[in-house]
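Chemist: Line order of the protein sequences matches chains X and U. Just so we're aligned: 24 in the working numbering is position 24 of the first sequence, and the numbers increase by one with no gaps anywhere. Just so we're aligned: 659 in the working numbering is position 308 of the second sequence, and the numbers increase by one with no gaps anywhere.
It is possible that some hints are incorrect.
What the hints assert, rightly or not - Keeping only pairs whose Cα atoms sit at most 30 Å apart, straight-line, the calculated DSSO-like set for lysine-lysine is: (1) U/Lys435 / U/Lys422; (2) U/Lys541 / X/Lys49; (3) X/Lys243 / X/Lys322; (4) U/Lys381 / U/Lys446; (5) U/Lys422 / U/Lys541; (6) X/Lys49 / U/Lys381; (7) U/Lys446 / U/Lys422; (8) U/Lys370 / U/Lys693; (9) X/Lys243 / X/Lys140; (10) U/Lys558 / X/Lys49; (11) X/Lys243 / X/Lys261; (12) U/Lys422 / U/Lys381; (13) X/Lys322 / U/Lys370; (14) U/Lys541 / U/Lys435; (15) X/Lys49 / U/Lys693.
Just so you know, these hints were derived from the structure itself, not from any lab.
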Amino acid sequence: MQRIVVDAMGGDHGAEEIIHGAAEASLALSDVELILVGDAARIGRILPKVAHDGARIRVHHAGQVIGMDEKPSDGLAGKPDASIVVAADLVARGEGDALVSAGNTGASVLACARRWKLMAGIRRAALASVYPTELRRGEKNDPFSLILDVGATVDATAEDLVTFAVMGAAYARVVSKNNRPRVALLSNGSEAGKGPRSVVEAHAMLLEQTGLNFIGNIEGLDIPRGVADVVVCSGYVGNVVIKMLEGVSDTVMRLARYAHKERLMWRVALAMLSGGIERLKLVTDWEQYGGAPLLGFENLFIKAHGRSRAQAISNAIRVASKAQRGQLCGSIGDGVAAFHERRGESSAASG
Amino acid sequence: MAFRAEHVFRWDLDKTYLKSEFDSFGDLVKAALETAQDKQAYPGARALLRALSRHHGHRICIISGSPTQMKRVLAAKLALDGIKYSEFVLKNNLKNMVRGRFRALRSQIPYKLPVLLESRAQLVETPPETLFGDDAEADAIIYNLYADLLSGAVSSSELERVLQAARAYPDQIEHTLELVERLERADSVKRILIHLEARTPTANYTKFGSRTVPIFNYFQAALILYSDGVLTARQVLFVALEMLESPEYELPTLANSLQDLLRRGRLTTDVAARLALEANEAATAGALAGRADLPPFDEIAWAFASRTRELGGAPPLEWPSEGSTLDYVSLVDQEHHARRDKRRARALRRRRRS
């Protein structure tokens, strides 16, 4: 039976939504034990109000919570009994297989980084994020591509970028059921020599030392088109990209609202398009996807969006379960080992 | 005929003891065609009912809404499971159809309540009772109404209003009122266990008070009955062992079931600690013999104790003060509406699928 640890206190909407999402998952996933970490008395008051399976939910008390706006390092230092700390500890001690949290991203990543071990051959972890694209992929016609890293490792070396590519490809294979994902490096031009030194070196390594379906460099405009299934970049670049994409999406929504208010004709036009917009919203709804994985550690962490409602939490738990069942960490380990082996062989050959 | 009993246990069958589906016509046909071997009891239910039925002074009464035509196969299933019973009542739906009483085909309260009262009327003295039902239909309402009629908390005039709300036929109302008149009043119903087959939120049962305990599985039922002094620790172990034979349960899920009862304030940590000691004695005396697949009892006990520790001393749910009487008329109305909504939702789903 899989054991998925859920930080029950994190997120913008508080414990209620997280617990409702976990309750939903307890009914949907028959081979999963959910360990809810947080204020046991509060969880005990919320759970009875929602349909769940009492045999598949376990509550582990944690008396403190790190707020969404708290500085991660301060939060972790001042709150040793915070739900995310206790949850990461449980996984580190082997009492859980994966962790799901919608809480403070920085604190969550830091809590995992301080307690969990990186996998052999991986120097830095990567936080991945999904983005809806024009082109689809995999056997499930998945409309989301994966971008990593989006903030865990600010400055990545060429070797880090290659391991990110290996990790992202493994994730796409296991979770999106995309057997041969197209992997690309994000750069300022499609030519191999474009970009900073780390990107240029990573390009060569990805071509020569991995068996990945590497399609070369792509530019920012290729991300929303979905030219690549896995987009690799440093945490600094990834964070800027993902925030900009979110900003564009918010602006489009605001402009549509403005148009709706401004002229009757525009309102009629929007109403006529509403069916299509609704469908588009459904297809690209991040709540359907669940969450973003933190990759590179011996255990899996799925970071659900801070704004997650019950359905998104339930989906994040499903993703964690799917990744665990598909032995994602093992698959990443194999991929990284294969890369290091090839790298060793090519160094020996050139030396 | 009059019967003497130390304790009476009344069981529903479908969705309480047996895994049954009767949400659609196809399910009904399938259930009717199943053999005794095909029918499956919920994990732990067989061990629990067997333990209860083997006690000399216990009277097991099975009351089911299944049609009388299924008696042979259901009796064969109970025999296969090694369960001895004192009474076995099924619903005569053929008679209802012949008489054109189509409302009676679906109705629960006008059928079950008089059956319970008739069974009670056959008893000498006023033995305690434990009732088992499920959340698929109106079991919690029927059992609580029955309990309150026995204790005298519900008057005949209120009962008449409840039966009218439950759309009982006039002769059913008259017969039920007659039965109530003959009752020897006593607060006999000690426990009502509702199997959450449909996973109804447990808070929906708070209104019935602490006597009614919604349970997710039969390990929880065994724990409650141990707490009530009805089962021994050894018998609780046997229920747990039967559940562990099913792929649906593992040691952690049983430990979680214990923690769930602690959180809901249905079991105290003192009772859990006493059970651990007695279960240890039972294990030492060979209750776990032949189960090499299980870890040593110390490890099992540790896993269970850890669930208690993990609550960090958080207080269990507080119960609203007891003693407030239930408004059965509105409960029946609500149940009626809920059932109608469920039927409509099912029909809508079917239409969408087709």
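Chemist: Each hint: holds or not?
Modeler: Hint-by-hint comparison with the structure:
For a cut-off of 30 Å, the pair hint linking lysine 435 of chain U to lysine 422 of chain U stands: about 15 Å separates their Cα positions. Proximity of lysine 541 of chain U to lysine 49 of chain X is assessed by CA-CA distance (about 25 Å); at most 30 Å being required, the pair is judged to hold. A C-alpha spacing of about 27 Å is found between lysine 243 of chain X and lysine 322 of chain X, which places the hinted pair at or below 30 Å, so the restraint holds. For the proposed pair lysine 381 of chain U and lysine 446 of chain U, the alpha carbon gap of about 22 Å is at most 30 Å, so the pair holds.
Distance check on the hinted pair: lysine 422 of chain U and lysine 541 of chain U sit about 29 Å apart at the alpha-carbon level, within 30 Å; holds. At roughly 34 Å between alpha-carbon atoms, lysine 49 of chain X and lysine 381 of chain U are farther apart than 30 Å, so this suggested pair is violated. For the hint linking lysine 446 of chain U to lysine 422 of chain U, the alpha-carbon distance of about 15 Å falls within 30 Å, and the restraint holds. Proposed proximity of lysine 370 of chain U and lysine 693 of chain U is supported: the alpha carbons are some 20 Å apart, at most 30 Å.
Among the hinted pairs, lysine 243 of chain X with lysine 140 of chain X is consistent with the structure: their alpha-carbon atoms are about 27 Å apart, no more than 30 Å. For the given pair, lysine 558 of chain U sits about 13 Å from lysine 49 of chain X by alpha-carbon distance, which is consistent with the 30 Å threshold. Proposed proximity of lysine 243 of chain X and lysine 261 of chain X is supported: the alpha carbons are some 27 Å apart, at most 30 Å. Restraint check for lysine 422 of chain U and lysine 381 of chain U: satisfied, since their Cα atoms lie roughly 16 Å apart, inside the 30 Å limit.
Of the supplied pair hints, the one linking lysine 322 of chain X and lysine 370 of chain U holds, its CA atoms being roughly 28 Å apart against a limit of 30 Å. For the proposed pair lysine 541 of chain U and lysine 435 of chain U, the alpha carbon gap of about 22 Å is at most 30 Å, so the pair holds. At roughly 19 Å between alpha-carbon atoms, lysine 49 of chain X and lysine 693 of chain U fall within 30 Å of each other, so this suggested pair holds.
Violated hint: 6 only; the structure is consistent with all others.
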